[in-house]
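Protein chains: 4
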Amino acid sequence: MSEKLYVPVLLGTNRKDRQSDHVAKWVFAKMQERDDMEPVYFDVRDFDLPRDHYGTEIGHHFPEWRDAVIRADGLVIVTPEYNHGYPGALKSVLDLLLKEYIHKAVALVGVSAGPWGGTRVIESLVPMVRELGLAVTFTDLNFPKVGTKFDEDGNLLDDAYQKRVKGFLDELVWMARALKWGRENL
Amino acid sequence: MSEKLYVPVLLGTNRKDRQSDHVAKWVFAKMQERDDMEPVYFDVRDFDLPRDHYGTEIGHHFPEWRDAVIRADGLVIVTPEYNHGYPGALKSVLDLLLKEYIHKAVALVGVSAGPWGGTRVIESLVPMVRELGLAVTFTDLNFPKVGTKFDEDGNLLDDAYQKRVKGFLDELVWMARALKWGRENL
Amino acid sequence: MSEKLYVPVLLGTNRKDRQSDHVAKWVFAKMQERDDMEPVYFDVRDFDLPRDHYGTEIGHHFPEWRDAVIRADGLVIVTPEYNHGYPGALKSVLDLLLKEYIHKAVALVGVSAGPWGGTRVIESLVPMVRELGLAVTFTDLNFPKVGTKFDEDGNLLDDAYQKRVKGFLDELVWMARALKWGRENL
Amino acid sequence: MSEKLYVPVLLGTNRKDRQSDHVAKWVFAKMQERDDMEPVYFDVRDFDLPRDHYGTEIGHHFPEWRDAVIRADGLVIVTPEYNHGYPGALKSVLDLLLKEYIHKAVALVGVSAGPWGGTRVIESLVPMVRELGLAVTFTDLNFPKVGTKFDEDGNLLDDAYQKRVKGFLDELVWMARALKWGRENL
Chain A
0 MSEKLYVPVL LGTNRKDRQS DHVAKWVFAK MQERDDMEPV YFDVRDFDLP
50 RDHYGTEIGH HFPEWRDAVI RADGLVIVTP EYNHGYPGAL KSVLDLLLKE
100 YIHKAVALVG VSAGPWGGTR VIESLVPMVR ELGLAVTFTD LNFPKVGTKF
150 DEDGNLLDDA YQKRVKGFLD ELVWMARALK WGRENL
Chain B
0 MSEKLYVPVL LGTNRKDRQS DHVAKWVFAK MQERDDMEPV YFDVRDFDLP
50 RDHYGTEIGH HFPEWRDAVI RADGLVIVTP EYNHGYPGAL KSVLDLLLKE
100 YIHKAVALVG VSAGPWGGTR VIESLVPMVR ELGLAVTFTD LNFPKVGTKF
150 DEDGNLLDDA YQKRVKGFLD ELVWMARALK WGRENL
Chain C
0 MSEKLYVPVL LGTNRKDRQS DHVAKWVFAK MQERDDMEPV YFDVRDFDLP
50 RDHYGTEIGH HFPEWRDAVI RADGLVIVTP EYNHGYPGAL KSVLDLLLKE
100 YIHKAVALVG VSAGPWGGTR VIESLVPMVR ELGLAVTFTD LNFPKVGTKF
150 DEDGNLLDDA YQKRVKGFLD ELVWMARALK WGRENL
Chain D
0 MSEKLYVPVL LGTNRKDRQS DHVAKWVFAK MQERDDMEPV YFDVRDFDLP
50 RDHYGTEIGH HFPEWRDAVI RADGLVIVTP EYNHGYPGAL KSVLDLLLKE
100 YIHKAVALVG VSAGPWGGTR VIESLVPMVR ELGLAVTFTD LNFPKVGTKF
150 DEDGNLLDDA YQKRVKGFLD ELVWMARALK WGRENL
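Chains as they are written, first to last, in numbering that gives the first Met the number 0: chain A, 0 to 185; chain B, 0 to 185; chain C, 0 to 185; chain D, 0 to 185.
FYI, nobody ran anything at the bench for these hints, they're computed from the structure. Be careful, since some hints might not be right.
Heads up, the list lumps identical chains together, so a pair's fine if it works in one copy or across two of them.
Unchecked claim - With a cut-off of at most 25 Å between alpha-carbon atoms, the simulated PhoX-like pairs for lysine-lysine come out as follows:
id : residue 1 : residue 2
1  : Lys15     : Lys3
2  : Lys162    : Lys98
3  : Lys144    : Lys98
4  : Lys148    : Lys98
5  : Lys98     : Lys165
6  : Lys162    : Lys144
7  : Lys179    : Lys3
8  : Lys98     : Lys15
9  : Lys148    : Lys24
10 : Lys15     : Lys162
From just these sequences and the hints, can you work out the full model?
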């Protein structure tokens, strides 16, 4: 059990002034504090997706992401909710790969400007990540009214999230370890 | 690995002349042929749900179902698609329990009178079974135009399903074994 | 424009101690105060759905509901969220009819014990009511933490809903009038 | 009734060798044959979305699309299904605008390489277009196994679609006319 799980975090928006940035960095920092996982940070803004020749083979053009997913035991996706759905940039990045995701865990963080905490983008992601072969945990993190949750330096202002993030990551570790055992033994 | 997995099958409709009946019985029979699982058959028609005093404690009134879910390593849900969603009777039965489902596998069989094989009821079930704590497999079985798939005695007329059901059940076994290891070791 | 719209309200849960009861009654009372609609109240608890012979012709056994939907210009559905989905009783009642719903408006009220206001049950209802031929409005009412929203007599404790319910019903009236014109002229 | 409805068609994929291209062009041609609508063709590949400064004001940078949606009475979206969801490029384009969509009709065409006709991408789009304020019709077009449906020149090989497309467009016209009356009279 002492082996660390390798867990990419994906920030799912490339919008200017995106506030999910604070959320993703904070979750990433909490992951770094734990001794059971080794997180690595990805940002959809760093993917230069071609506009006119986007075929299914394209994952090979993003070797850093591809290698991370191949090595991954689990993923964390941090996403704002745009019109009740996922950002286009997030979907384009997730669609880059296919079999690399199979039998790995994923945990979802929803972010919203309004009061509902990204619950709807999470509901819309669940059937999609299932099709990728990912097993999604059932203990989401939700950040409603994200504009009120952090100070200007990105410090989280609401202590209740300290307990929530522990439960969120504990569950991800549980699912990632069970599936890792499966990949190695079944 | 020699231990058999315990897997309740739930037929999710109580409609008269329901054709999903043939599907559920056929899947159940295929499960019985395997030496890695012990299936048990449930039918939502057998649940006498009270109309006027239905609280969250109600699962205790259906001990056979409750005990089966507690013992279960995985579930198979066979459901027709009614107006793109799940039958009310199926939802009422699934809502009877809660923590009993956690960290177990579920595999979904969609049935339709028309050409789309219950794909839409499956999409609508995925976020719901996730909330129950079930981990859903990504290899569904779909029975479109179910009225043409069986003879009057319930014999399946399309041999392609022999291979499909093997893949469907193999994946369920994989997920159920990984989660069982997790429940016993994590 | 002086003609009143006929709008059935459907309370979608039959659970004991259901708190959505307060919500449905309050919305119904607000509808009664308006001079542009004539509401009528339905409760899924009053539908005695048979357990063992439920075919598509069953709507004829509930003539009061059927006649109300035939006469309706729009519907209001008030529903709690059970495991991210709709209550079984609500779905069973909605599935009783089919062509009677076509080209009429529907507005959705989500209720939850927790903080997310039934957003997920609404998302799951949207594709389902579309298949019925209903046109759903995009201005939902959400009642999170419903246990804190009413006093023991069912009086709403949060004045912010006075403005919200006006916008919610105004939008329903808009959509119902547009579709009514369509049904009569196209 | 003699006035033509203005209806943008949006092809929702920018993938190389996209077969939805044939579908969108065929639907567009059928729309041109009718005397009740004036279609205009858009392709998400023609939108040069910036990678690093994508804010909500961005619609102003695509005036041709924005003006078309402002003028539109309805939309047709033609989309393949990628991992049960919508293509990222389609979502990014739809998210460019907001109030411009309100109280207009939209009809959905689903395309898939496999047998299920894009039913799942349609289900995932329905709650999203509702949030935009669009009213979605309930008579989709589905193109399963799209690779077998057209010859090399883009001629449709299956005559059954002639009748289907008529029903699909008739329903769009119905909804677009009802909402147009509403926008002008309510």
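| How would you classify Lys162 and Lys144 at a CA-CA limit of 25 Å: within, between, both, or neither? | Both. Shortest intra-copy (19 Å) and inter-copy (20 Å) distances satisfy the 25 Å Cα cut-off.
| With identical chains treated as interchangeable, where does the CA-CA distance between Lys98 and Lys165 reach 25 Å or less: within a copy, between copies, both, or neither? | Classified as between; 20 Å across copies, 29 Å inside a copy.
| query | Is it within, between, both, or neither for Lys98 and Lys15, if the alpha carbons may be no more than 25 Å apart? | reply | between (32 Å within a copy, 20 Å between copies)
| said: Reference check for the pair Lys148 and Lys98, CA-CA at most 25 Å: within, between, both, or neither? | reply: The answer is neither: 37 Å in one copy and 28 Å across copies each exceed 25 Å.
| field | Same-copy or cross-copy closeness of Lys162 to Lys98 [CA-CA at most 25 Å] | value | For Lys162 and Lys98, the Cα distance is within 25 Å only across copies (21 Å; inside one copy 34 Å).
| task | Measure nothing new, just compare the shortest in-copy and cross-copy C-alpha distances for Lys148 and Lys24 to 25 Å and report within, between, both or neither. | result | within (13 Å within a copy, 35 Å between copies)
| Quick one: Lys179 to Lys3, C-alpha cut-off 25 Å, is that within a copy, between copies, both, or neither? | both (12 Å within a copy, 21 Å between copies)
| At most 25 Å between C-alpha atoms: does Lys15 with Lys162 qualify within a copy, between copies, both, or neither? | neither (30 Å within a copy, 33 Å between copies)
| request: Go through the copies and call it for Lys144 and Lys98: within, between, both or neither, with a Cα cutoff of 25 Å. | output: between (36 Å within a copy, 22 Å between copies)
| field | Alpha-carbon proximity context of Lys15 and Lys3, limit 25 Å | value | neither (34 Å within a copy, 39 Å between copies)
Hints 1, 4 and 10 from the list above are not met by this structure, while the remaining hints are.
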